[in-house]
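Model the full assembly from the supplied sequences, consistent with the hints where possible.
Residue-level listing of the chains:
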Amino acid sequence: MDFLSEHQPETLPGNRQLPPTQGVIEAPHGTTIVGVTFPGGVVLAGDRRATMGNVIAQRDIEKVFPADEYSAVGIAGTAGLAVEMVKLFQLELEHFEKVEGAQLSLEGKANRLSTMIRSNLGMAMQGLAVVPLFAGYDVDRERGRIFSYDVTGGRSEEHGFAATGSGSIFARGAMKKLFRDDLTEADATTLVVQALYDAADDDSATGGPDVARRIYPIVTVITEDGFRRLTEEESSEIARSILERRLEQPDGPRAALL
Amino acid sequence: MSTPFYVSPQQAMTDRAEFARKGIARGRSLVVLQYADGIVFIGENPSRALHKFSEIYDRIGFAAAGKYNEYENLRIAGVRYADLRGYTYDRDDVTARGLANVYAQTLGMIFSSAAEKPYEVELVVAEVGETPEGDQIYRLPHDGSIVDEHGSVAVGGNAEQISSYLDQRHQDGMSLAEALKLAVQALSRDTNGTQREIPAERLEVAVLDRTRPQVRKFRRITGRQLARLLEADGAATAAEAEADAEADAEGSGDEE
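Going down the list, the protein sequences come from chains A and B. With our numbering, the residue at position 227 of the first sequence is 227, and numbering never jumps. With our numbering, the residue at position 27 of the second sequence is 27, and numbering never jumps.
Simulated from the structure, these hints should not be mistaken for lab results. Bear in mind the structure is a predicted one, so any value in this text is a computation, not a measurement. Any given hint could be a false lead.
Said to hold, decoys possible - Calculated Cβ distances over 12 Å to all of chain A for the following chain B residues:
#1 A104
#2 S188
#3 T211
As the list claims (entries may be wrong) - With beta-carbon atoms standing in for the labels, derived distance ranges:
#4 A:P9 x B:Y89: 20 to 30 Å
#5 A:Q58 x B:S188: 56 to 66 Å
#6 B:L84 x A:E234: 28 to 38 Å
The beta carbon of each residue, even a glycine, is placed where N, CA and C say it ideally should be.
So this is what it looks like as structure tokens:
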């Protein structure tokens with residue numbers, strides 16, 4: 001393989017010229033990811049649906065991954081490319097940590113992800129975009145932070161809450177009305193599931209909690225103790241309590257008018 | 001043009017081995033021991049920043065005696081090898097045996113190549129298994145040979161004496177505190193048989209702990225944790241110190 005890459009790099013799969021395509025390539029896409037900060041940490045959550053056009057490609061896909069001990073990535077966009085990107089990202093963080101003997105700063109991690117997204121721009125122009133949400137606990141500043149990206153690798157820090165993916169508009173609307181500065185960890189985990197519920201309510205590509213199949217959103221919490229993924233019981237507990245309330249109030253909790 | 005003196009290959013190899021051995025002997029020794037829950041690395045190291053022990057992969061640790069720049073070079077090559085393997089295939093496909101082989105190749109090549117001076121290093125590559133039977137410890141001397149070790153191993157200056165001391169006293173299923181105590185006793189024996197005191201601040205200690213809930217089993221033991229373990233003489237205190245060490249890891253379970 002090394003020999004090939006030196007002498008005839010164009011024959012390696014990764015270096016072949018992409019054929020010009022008509023329209024959009026059909027590949028599974030991940031949909032909604034939401035993140036919320038609270039004093040002491042940050043919560044990152046994602047729904048479980050992957051779609052391919054108007055077909056549900058997978059009901060139980062996992063789209064939120066730990067990047068290292070103190071950060072996580074949630075992915076929206078072409079699932080195959082995104083999972084690969086996360087794998088490479090995890091590897092880079094771990095590699096740096098082992099070689100240097102210290103972790104990258106949270107800004108450093110966010111910048112690295114930015115470069116990786118930019119390198120995918122060619123694919124993004126063909127409809128295979130990857131747009132992640134990056135959340136982590138900043139050990140130096142002692143608070144949770146969220147970074148959002150666009151397809152060109154543009155990075156911006158979000159304050160309070162953020163969402164990405166096709167259902168993000170609805171999720172962001174819900175979070176805007178529910179977010180407060182003094183949320184507890186339990187409040188924040190409930191808030192993200194509420195936002196995902198609202199996204200699933202209005203966006204066909206986002207999956208809501210599936211009680212029959214016991215598929216619930218993936219909720220992760222990052223605090224100074226590190227990354228933790230809520231167990232299935234914990235997230236089903238949150239999803240069920242929300243479902244129960246929604247039986248009476250289908251649109252969810254109401255914010256005050258003034 | 002002058003004709004170089006003839007040196008027999010045998011003589012050349014002996015000289016090179018002698019050179020490497022002397023280099024290694026100048027450094028402080030370090031020991032690697034199996035204990036009930038994993039593998040512990042202990043060495044005397046006045047520096048807190050320049051480590052002798054480090055993590056290579058999930059279950060693999062690395063220890064080295066000798067010249068810092070040379071073993072640091074090998075360590076980084078090892079991390080690269082392991083990370084590349086794990087990324088290309090799977091995390092389970094990175095093994096200590098594979099890594100030890102790569103190190104042996106590299107060391108052997110450098111040792112026998114006339115253009116380079118031999119590396120003055122001696123390495124230990126250890127992998128912690130699911131059970132104590134699955135543990136693997138390899139010692140790699142300067143010339144590129146591999147020695148498969150069990151129980152305990154010492155490398156560095158006073159290695160022979162220390163390892164014979166350890167061989168007599170090491171038992172399977174020791175607790176971490178017991179293993180640590182034994183190692184410190186072994187390290188503090190001087191060549192002439194006298195004992196000297198090694199303060200806790202001068203010790204570098206790391207473990208590959210199979211009970212750790214995370215995938216990455218490597219953990220350094222420093223400061224308060226280390227002091228507690230060194231003081232612990234009863235099994236109860238050892239368990240307490242270990243519980244304290246694990247307190248930072250979420251969902252920790254002491255499966256003893």
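Verification of the hints:
1. Every CB of chain A lies more than 12 Å from the CB of A104 (chain B), the least distance being 21 Å, so the non-interface label holds.
2. In this structure S188 (chain B) is separated from chain A by more than 12 Å, as the shortest Cβ-Cβ distance comes to about 27 Å.
3. For T211 (chain B), the condition that its CB be more than 12 Å from all CB atoms of chain A holds, with the nearest at approximately 17 Å.
4. Checked against the given bound of 20 to 30 Å, the beta carbons of P9 (chain A) and Y89 (chain B), roughly 22 Å apart, stay inside it.
5. Look at Q58 (chain A) against S188 (chain B): about 60 Å separates their beta carbons, and that is inside 56 to 66 Å.
6. The hinted window of 28 to 38 Å between L84 (chain B) and E234 (chain A) holds, with their beta carbons roughly 36 Å apart.
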